[in-house]
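4 protein chains.
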Amino acid sequence: MKGLFYPRTPTGRASIVPPTPWHYSGELLTFEYRTDSEAVAALLPEGFSLVQEDPGAVAVLWADWQSCGDDFAEILDPVRGQYKEVFFVVRCMFQGKAYSRCVYIWVDKDFAMLRGQHQGYPKKLGSIHMSRPVTLGKAGPRLDVGGTFGATLAAMDRRLAQARFTITGPADRPGFVNGLPMAHNRWMPAIETDGTDSLSEVVTMSGFDGQMGRCFKGDFELELFDSPVEELLDLPIREKIGAYWHEVCVSWRAGTTLSRNNLR
Amino acid sequence: MKGLFYPRTPTGRASIVPPTPWHYSGELLTFEYRTDSEAVAALLPEGFSLVQEDPGAVAVLWADWQSCGDDFAEILDPVRGQYKEVFFVVRCMFQGKAYSRCVYIWVDKDFAMLRGQHQGYPKKLGSIHMSRPVTLGKAGPRLDVGGTFGATLAAMDRRLAQARFTITGPADRPGFVNGLPMAHNRWMPAIETDGTDSLSEVVTMSGFDGQMGRCFKGDFELELFDSPVEELLDLPIREKIGAYWHEVCVSWRAGTTLSRNNLR
Amino acid sequence: MKGLFYPRTPTGRASIVPPTPWHYSGELLTFEYRTDSEAVAALLPEGFSLVQEDPGAVAVLWADWQSCGDDFAEILDPVRGQYKEVFFVVRCMFQGKAYSRCVYIWVDKDFAMLRGQHQGYPKKLGSIHMSRPVTLGKAGPRLDVGGTFGATLAAMDRRLAQARFTITGPADRPGFVNGLPMAHNRWMPAIETDGTDSLSEVVTMSGFDGQMGRCFKGDFELELFDSPVEELLDLPIREKIGAYWHEVCVSWRAGTTLSRNNLR
Amino acid sequence: MKGLFYPRTPTGRASIVPPTPWHYSGELLTFEYRTDSEAVAALLPEGFSLVQEDPGAVAVLWADWQSCGDDFAEILDPVRGQYKEVFFVVRCMFQGKAYSRCVYIWVDKDFAMLRGQHQGYPKKLGSIHMSRPVTLGKAGPRLDVGGTFGATLAAMDRRLAQARFTITGPADRPGFVNGLPMAHNRWMPAIETDGTDSLSEVVTMSGFDGQMGRCFKGDFELELFDSPVEELLDLPIREKIGAYWHEVCVSWRAGTTLSRNNLR
Chain R
-7 MKGLFYPRTP
3 TGRASIVPPT
13 PWHYSGELLT
23 FEYRTDSEAV
33 AALLPEGFSL
43 VQEDPGAVAV
53 LWADWQSCGD
63 DFAEILDPVR
73 GQYKEVFFVV
83 RCMFQGKAYS
93 RCVYIWVDKD
103 FAMLRGQHQG
113 YPKKLGSIHM
123 SRPVTLGKAG
133 PRLDVGGTFG
143 ATLAAMDRRL
153 AQARFTITGP
163 ADRPGFVNGL
173 PMAHNRWMPA
183 IETDGTDSLS
193 EVVTMSGFDG
203 QMGRCFKGDF
213 ELELFDSPVE
223 ELLDLPIREK
233 IGAYWHEVCV
243 SWRAGTTLSR
253 NNLR
Chain C
-7 MKGLFYPRTP
3 TGRASIVPPT
13 PWHYSGELLT
23 FEYRTDSEAV
33 AALLPEGFSL
43 VQEDPGAVAV
53 LWADWQSCGD
63 DFAEILDPVR
73 GQYKEVFFVV
83 RCMFQGKAYS
93 RCVYIWVDKD
103 FAMLRGQHQG
113 YPKKLGSIHM
123 SRPVTLGKAG
133 PRLDVGGTFG
143 ATLAAMDRRL
153 AQARFTITGP
163 ADRPGFVNGL
173 PMAHNRWMPA
183 IETDGTDSLS
193 EVVTMSGFDG
203 QMGRCFKGDF
213 ELELFDSPVE
223 ELLDLPIREK
233 IGAYWHEVCV
243 SWRAGTTLSR
253 NNLR
Chain Z
-7 MKGLFYPRTP
3 TGRASIVPPT
13 PWHYSGELLT
23 FEYRTDSEAV
33 AALLPEGFSL
43 VQEDPGAVAV
53 LWADWQSCGD
63 DFAEILDPVR
73 GQYKEVFFVV
83 RCMFQGKAYS
93 RCVYIWVDKD
103 FAMLRGQHQG
113 YPKKLGSIHM
123 SRPVTLGKAG
133 PRLDVGGTFG
143 ATLAAMDRRL
153 AQARFTITGP
163 ADRPGFVNGL
173 PMAHNRWMPA
183 IETDGTDSLS
193 EVVTMSGFDG
203 QMGRCFKGDF
213 ELELFDSPVE
223 ELLDLPIREK
233 IGAYWHEVCV
243 SWRAGTTLSR
253 NNLR
Chain X
-7 MKGLFYPRTP
3 TGRASIVPPT
13 PWHYSGELLT
23 FEYRTDSEAV
33 AALLPEGFSL
43 VQEDPGAVAV
53 LWADWQSCGD
63 DFAEILDPVR
73 GQYKEVFFVV
83 RCMFQGKAYS
93 RCVYIWVDKD
103 FAMLRGQHQG
113 YPKKLGSIHM
123 SRPVTLGKAG
133 PRLDVGGTFG
143 ATLAAMDRRL
153 AQARFTITGP
163 ADRPGFVNGL
173 PMAHNRWMPA
183 IETDGTDSLS
193 EVVTMSGFDG
203 QMGRCFKGDF
213 ELELFDSPVE
223 ELLDLPIREK
233 IGAYWHEVCV
243 SWRAGTTLSR
253 NNLR
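Protein chains in written order, with the numbering used here: chain R, -7 to 256; chain C, -7 to 256; chain Z, -7 to 256; chain X, -7 to 256.
Any given hint could be a false lead.
Any copy will do: because identical chains look the same in the list, a pair fits if it lies in one copy or spans two.
Cut-off 20 Å, straight-line C-alpha distance, at most; resulting in silico cross-link-like pairs (DMTMM-like, lysine to aspartate or glutamate) [as the list claims (entries may be wrong)]:
{"id": "1", "residue 1": "LYS101", "residue 2": "ASP56"}
{"id": "2", "residue 1": "LYS(-6)", "residue 2": "GLU30"}
{"id": "3", "residue 1": "LYS101", "residue 2": "ASP226"}
{"id": "4", "residue 1": "LYS(-6)", "residue 2": "ASP186"}
If you are wondering where the hints come from, they were derived from the structure by calculation, not from laboratory data.
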């Protein structure tokens, strides 16, 4: 039976994700702010703790991706490779080392949802929009001082977040909160659904062949909204840190298991 | 940290699925046909074998569901509880017992995708439509002899399946292929993405408080189409068995692990 | 060239709507309330005036439709015939006669959008959900006293309206605001886009072969939300009138021009 | 009452389209081919005739647009300004002058659908994807020789068209079929729905402040597929002409009525 995730079949052709490596090229908007450090701590599972420096720092990222496997088939059938995502990242300590950690994430395609789940990203579906820079005309920002971008997130027919960003100048790097290797939990509740997990791992991962292209910093506004099935207002914006537009590419092949604790 | 699946949070409110039990009420169209038994065998993983009687039987089901948790919140915010699905079911033997097994499935909401994944259903997203019976007027079939229904499935902007069904009379039960307890594999590939799995289980489950409402049999046509990322044409329709419209309800709380083989 | 609306082609097959008559079967939730009569008056164009009795009455309707042309092709390919809509209706006087008038409306399919435009409905796209009654199980209301329904509307990734309805008993008819023949303006701005219209008509229409099926009244809550591109908060809910769940069917062939004033 | 199209309200805020001028910035893929000239002639209404030179030339364009009104509000809330479209263009003679003419078009947003209808574009909704060029990484083509793009169109859950394009070098202009002022019919069938039109105009329009950015030519493949509600196979690809990737911007304020023939 072939196929990384599912369905597994004789050929693997129907698998919801192609074999690794996976290649990504995208444009991102990163918004960093400080929330209450207890709010970050409350989202860290057992074994994790706050970082010492700036423990309440949060990054919210909008990303407009193209992605593909090693045969580039998705580039020729872009409905299978394009997707957008919004994700909330904090930093944390695990086994004495500092990591970035995604605490909330929405994407708009199924393959991205499952691919991310393999990596421990807690992906839901959402409706995601962000301005694209243009080189001509009035219907979009220029990648230059004064260029102004909008970004929105909705899920379950409710707007969850929206942001504005105006370029003030070039930047060396797009913030610091999402800059560490990721440490994620991969949980699979036992089919007995009794509060235990069949799988409970902490994994870490980084991409390879990553590159940053153009990168700009800027002024921003960020608003979070309530929903009966979200908890974003528990990460209130106490202080703005910074915001960035940046281009990146990265490839991903595999991660590393840091801890395994199958409870059953 | 609360939350059955993910994200796990202090309150569990943001979890993509509410706590079990889950309740379902729906209308289904079931199409049963015979394919080559080797085609079914090719979709069975290690430890599974064909059933002896009618081993090539396949059921394709369209379902229009409402679902909710125990507080019925999704009924009042139906974007969070309504979904449609199409699934292909075969029968198989495991540890000397006969089971039904879902080999392909598409849904149109994220919560259904993850909830099903907990149960071992290999869910992707699709666009799913099926006629609804009406009691008045010309724009829909009556639940009576001659009532004619249409049903379609698309994914990745390609039509994958379509069917027609015309009621010929009442039926006692909606076929036999999907009538056994389910036996599913739950796989989580290791984050090392090296061909091994961190989780590899065979689980079984049945619902409780299930009831069948009105049930009709009928004549049908069923067509399957090709896609570069599906393998439906490997389950060709050699002979029609039967088709049914039926109403059902069921609740689900938990399943049972039949086998666990964490390979790493 | 054949085709009612567009595109017009040699065969008419590609037309966005089939030839009339059009047949509809659906389930509706109707919520009636009183707003300020000046708010209703402000939405009436020249030539229209308020009705004398209860001039501030508004009906908000959620509808889950199946629709088809005279060959019923859409029933067999239901993606082409099923749609949901939400619409706001007021009453008005025109040429000495009382009419119902749709002031805002959202649908979720393109054919419904254009078909409605032919009839003078000012249709936009939205995401629309409403509970469906069930006969079995816990995942939906029964069509009986105590059955509780939810209904929501979103557009442009913002929730615009939501409602709850609980059946208190049978009803003879589903309110009065949407009960008169419709009087709508059909405007086509001049391509010169200079504030004049190439087409400016007042039309009226009613369906034929209409029937009402089961009809229930009940208690309700209705909430309207703000959006930068909507004006629903200008129709504030001052007093609730009543709410209804009802089944209807109707066919539609043609309307009648009441007034024509092509300004150019 | 304010509002260009509908709904017309006291403030105009709820209008489905903002006031003109409208500004557009986008990336396009243009595919030009020859079909049978009779197939083009069959799509021309009364008063139109074929051009003399290359009368069977067709352009199929995929476009990924951002658009906004004069206050740029849509750039900050991009769900209201971004859209994709696919359109088929032929050339024709009207009143002794040569024009381009859109014969089929699909978009993925409601505002684009109605805005286009004002301009005589026969817009339906579709699902549209096209590769975006990237500057980094493997998940997208470079804007350079060898860069390969994919593009697809689906509607009503069926794939209607797909194309591949590989850059072979720079180009001066993106073909010739879509290069003339547009001549479109604007029809509004009479509400009496008796085969007559309340509005029947021929209009022409061009944008202003148009600019072409980067432009590349290339090799291509283009496939058209069947649908019961489309007629694309009546425009068969007899001979390829050329294909282009190009950036454009344009603004639009108004058009000109060439002919008016209100039949009633």
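Unmet hints by their number, sorted upward, for this structure
3
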